[in-house]
Amino acid sequence: MPRMIARHLPRAPRAATLAVAALAAMMMLAARPAPAQETPPPVLSEAEKAARVADVIDAHILPRFAALAETTAHLADVARAHCTAQDTELRAAYDAAFDAWISASHLRFGPTETDTRAFALAFWPDTRGATPRSIAAMIAAEDPAVQSPAAYAEVSIAARGFYAMEALLFDDTLSVAGNADYRCALLQAMSADSAATSAAILAEWQDSYAEEMMTDGPRYRSRTEAVQVLYKVLNEGLEFTADTRLGRPLGSFERPRPTRAEARRSGRSWRHVMLSVASLEDLALRLAGDDAALGDDLTGAFEHALTVGGDLDDPVFAGVIDPTGRLKIEILQQSVQAARAVVRGSLGPRLGVAAGFNALDGD
Amino acid sequence: MPWTAIDMTSRRAFLAGMLASSLTPIPTWADAGSPAFLSAARLPDGAYVLCGLATNGGMVFQLPLPARGHAAAAHPKRPEVVAFARRPGNFAMVIDCARGAVTTELHAPVGFHFYGHGVFSRDARRLYTTENQYDAARGMIGVWDAANGYKRIGHFESGGIGPHEISRLPETDTLIVANGGIETHPEAGRAKLNLATMAPNLSYISETGEMLEQAALAPDLHQNSIRHIDVNAAGAVAMGMQWQGDMTEVPPLVAVHRRGGAVQLLDAGTELHRDVDGYIGSIAFDPTAEIIAATCPRGGRVLLFDATSGRPRAPVEAIDACGVARHGRGLIVTSGTGAVGALHGTDLTPQSRHNLAFDNHLVRL
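Protein chains in written order, with the working numbering: chain L, 1 to 363; chain Y, 1 to 365.
For reference, chain Y alone in the conformation it holds in the complex (with noise of 0.2 Å):
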């Protein structure tokens, strides 16, 4: 399998000597109750699928997917999910956890795609999507009535161009939006458009598309492409970027911004920036908020920081690890290889191993 080919061996391994246990029972999501987790992800036949996982890492459940996911909204209320397709998809799909069932699918407007993330509302009445008015290379929030079969009511502008993850302040309705900057059109698949005048930013927008807030890094980093958010209790914003810049001179990849503040720039160090190749799959807050974890695909690893003082501390190592979501007192990471990983500290201790190769994020239910 590709995905399991990286040299280790001069490094202690993340999930060392895992066989490819395809045999192991899968019990049916009847059998293990409802799924704490969602992973898009691919199967070994190259079909791709939407995960529901237990809490143990355990497969609750499989949903056949029409093409490659990417993230998952969690309804707040409602054991219901919108899994995205990834970019430039133009579909979602509505997810009743309880039943592991389609109950509806969304279609972004003639001249939109997906970016493969979303958000509910406070009151779960509203879904709100980042997507892209292509022809006018336009970064939109799209607004669908949960509250009344997901119809599409309307959208505004995000701020920017390339709008990716979206979240949103704990107790408000206030969005946060994560501008990537960089231009794509569907019809140049996934080429990068504008590297040359790319200017991501962090968007704060009320839910009725009034801007409120935008925090940008420094001119010299307008190619450091900001993507992944997490925002913790407190409502500080942990940003995980993709440097699109020249790879020798790799800037910090992680970075906290607070409303009325200055953004924060989080240096692990250049060796480490170079090593994970200038690239954060996804972001997360430890549950008390005072561990930022940054999964590094391209690096093997999981970028670990302070969170208060912004201090690195060690990496861990982390064979494809992409997925990272909050789960009791640590983190849950997810790989393309399959495995599942319990991160507490800067202890990973393997969980399972599917055979399965599991997407870009891991959402928490």
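Only chain L is shown next, with the shape it has when bound in the complex (with noise of 0.2 Å):
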């Protein structure tokens, strides 16, 4: 049965609808370029674009995997001395560490994507439970590349990072499975490989990427295109945060998932949302330079996200299966989504990036 019908389009005398297209084709040639409907921001020039990069990349992205860098040295030594699971000064070590990558994790692009990098440091989510899988199967076999880094730089990227390290630490299982002397040397090996990962992409940056980002050459051919990625790194940072970090332990309203909620056995699920938006924020507002109005949308939409995310009492999501806690929760994830919405309505014409219809959200 058609229950739809046809939207209901106005009909035109034939000859009239010829003399419109004839028109509207001599337009079509005649006119360039096309007046715009609405009088857009100016965009900003490429010399305005190189000041912005250049803040970005000086206090937003260097202190950021200096941080990161200092952090997992810290835990790896702490951990050659101090390696059982509940000890408080490792535990301490690694909550410090996974701070800091967390509020440098949407920097995805150049050094942390060299020899996949940022995989070999977070890999989650991790849908197919890879990870403890891997640990279990080291564990079991003792695997002897914990014994050498580079061994170790070469074992599963599942069984690398902060989120294998947490299942080694605080899953029930894993972090009494086998005999405790492998499990030292195993934590030994992962953090020790994440504080080189972690060197290595600030070496790169320093040594060289940081330059690359503000010279014209076979990398990057413009500050344009430097800003560019710095405004898709944004977008996909505060997409992922809705998405994944929130998204995934709401589930549906069915069947929520309080069980996928992002670093959840170390309880730091929360955390990782309201660290990663306050750093957003903080890239957000770089890139809009000196410009008071658009900051000013900026700061209200993130600090309204982070002020929802700070009434909320619930570490690792787990009010995602009753109906007043979820919506807390569903609260906060459209307001990360608001701040999104911000940035592509707002910030994303100031710095002249292409926002069409497909070229936005395609498939």
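Hints were generated in silico from the structure; no laboratory data involved. Be aware that one or more of the hints could be misleading.
[As the list claims (entries may be wrong)] Not close to chain L: a few residues of chain Y, all C-beta gaps over 10 Å, as computed: (1) P109; (2) E210; (3) V231; (4) A234; (5) P251; (6) V256; (7) R258; (8) G261; (9) A314; (10) R326; (11) G336; (12) T337; (13) T346.
[To be verified] Coverage of chain Y stretches by chain L, computed from C-beta distances (three or more under 8 Å per stretch; other residues unrestricted): (14) 124–132; (15) 181–195; (16) 235–248.
Cβ coordinates follow ideal geometry from the N, Cα and C atoms, glycine included.
Could you use the hints to bring the two separately framed chains together as a complex?
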């Protein structure tokens, strides 16, 4: 049965249609460029873009990767002396390093992508359970890869990085599996591997990538390209926090998925949302530069998300299973999406980033 | 309108100077005859529709959709199409193009969603749809009885994760599936869950689900999601990719495969691959099968290649261009700006402009 009928379209006399079509065709060929319907904000010059990219590199990117290198090195040091899962000093060092990663986790381009370094630090989401499976297999076999950094860098990427360390330290089964000495060696190998990866990211930024981003060359042909990459990772960071960090535990109303919350075993799920939103706010504001009105819009949206998040007392989003708790987490998710809408609607056009329907959201 | 905003100051403009001519009267489908093309679209008020377009790009009909559409499959014999919801949608609508009316709705089974593409069997008795059995993250091909009210018959594996566009080798029932490799789950929106391990492929599958052949890219290109395909009369498959890796090192985004052979990458040059943001929206052979056109909405371009030699031709600038389909002696291109243009060689001629945003695909009827 035909239920939906064609949208009723205005009928035009045939002669008029042809006349209008001819006129439209003439206008198409004659007029250029297209007159704007509303005056868009002026797009930044290359020099203004260069200033913003430089600020993002110096005040956003480099400090974050320096912090990551420092805290992971400290974690590796601590793990050499304190490698039991319950050790408070170890856990504090682990938390500090993981915080540093989350605050940098949106900066997924260039040095983080060399040799798949970002995945080696952060294999999540792990939808197939590869991390616990790989670690269990290593413990069961007492895999000798723990004996050398070079060998450990070749193990399954799911057994490397912060989420692997979390499973080893906090998972009820893995934290007591097999031989304690082997688990200790495994933690030491994982933490040393993450420190080496983090040091390599920082070194590449300091040695070449920061300059390449600021200089016309094969990697970046203009500051416009550098701004586009920064804008892209800002968008993707917000999307990841809304859809993955919050979306995965939310699941659906019929089937919430509390066990899918990020870093749930270490109680860090909510913390990651807050750290990432705060870090993304810093990036957004630096991209907005001295545009006060835009800065106010962005600050309003991000601070609203952080306020909504701050009111939530649910460290691992366990509340997704009951209607009241769930609603609060959904509102937090919506506030992150609202911040992204301001980024797309206001910051994107100011930076001159293409915002077509298909360009923005294709498949 | 946000989708018109692009820095065009130094560029040769596509469809330059076109006014947002929302007042142009549009004839009804009865006035204009049968549609030649279909495209999903978004109206200025945010509502989603399916549009039937005439050969000159004029609007023949608009049907409301309950959510955003993606592509459609044209029935080889009847004036009938199946229009699909966009991933992760679970509806598809069978539309009688002669009446501009929905005759049947398809719903993906519980635990499955559509990816937005489908194809009919050679005899038109079966419809095959790309689907995600999402809790298992398994790519599936759904089989529907098109001769019998589109009843669900069954499904078989697509040969990979994230099957997207599906086509058929001409004059056969061999299905061709672009398994994009990206795992998603409807409960995580459109988030990509397996970028570290993704492994796209092109699969040739018999109509009963037997895997006949699989082609993949080199291991270092495992993040080049094979998403859209077109097949020419000789059975060559053009693939359009979407790069998920580092944006400063974008590899070729278009390739050709012939059964039994190796994948041939068509290289437009690193600069252009980056200009288009590593992203192909749709792909089509032109009617002579001499040219492959790949739309690049993020780069505001259509990449063109010589299909035989694989050499790139000069790209064409086209804001937010995404839909592309064969027509006459050339190609028709649609844009998120509402523009429709005719592409002959490297000449893009504006045809018409509508006050809406055409979505990802243009489907020839």
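The hints, checked one at a time:
Consistency note on P109 (chain Y): stated as away from chain L, and its beta-carbon is indeed over 10 Å from all of that chain's, at 16 Å minimum. Here E210 (chain Y) stays apart from chain L, with its beta-carbon at least about 26 Å from theirs, past the 10 Å limit. At roughly 20 Å from the closest C-beta of chain L, the C-beta of V231 (chain Y) stays outside 10 Å, upholding its exclusion from the interface. No beta-carbon of chain L is positioned within 10 Å of the beta-carbon of A234 (chain Y); the least distance is around 28 Å.
With a cut of 10 Å on Cβ distances, P251 (chain Y) stays outside the contact zone with chain L, its closest approach being about 13 Å. With a minimum CB-CB distance of about 22 Å to chain L, V256 (chain Y) clears the 10 Å threshold, and the non-interface call stands. The Cβ of R258 (chain Y) sits about 26 Å from the closest Cβ of chain L, beyond the 10 Å cut-off, so the non-interface label holds. No beta-carbon of chain L is positioned within 10 Å of the beta-carbon of G261 (chain Y); the least distance is around 28 Å.
The Cβ of A314 (chain Y) sits about 19 Å from the closest Cβ of chain L, beyond the 10 Å cut-off, so the non-interface label holds. With a least beta-carbon separation of about 20 Å from chain L, R326 (chain Y) lies farther than 10 Å from that chain, consistent with its non-interface assignment. With a least CB separation of 3 Å from chain L, G336 (chain Y) falls inside the 10 Å interface cut-off, contrary to its annotation. Interface exclusion of T337 (chain Y) from chain L breaks down, the closest Cβ pair being 7 Å apart, not more than 10 Å.
Non-interface call for T346 (chain Y) relative to chain L: holds, since the shortest CB-CB distance, roughly 18 Å, exceeds 10 Å. Look at the region 124–132 of chain Y against chain L: 0 of its residues bring a Cβ nearer than 8 Å to a Cβ of that chain, fewer than three, so the hint is violated. As drawn, the region 181–195 of chain Y meets chain L at 11 residues by the rule of a beta-carbon pair under 8 Å; at three or more, the given contact holds. Using a Cβ-Cβ cut-off of 8 Å, 4 residues of the region 235–248 of chain Y lie near chain L, which meets the minimum of three, so the contact claim holds.
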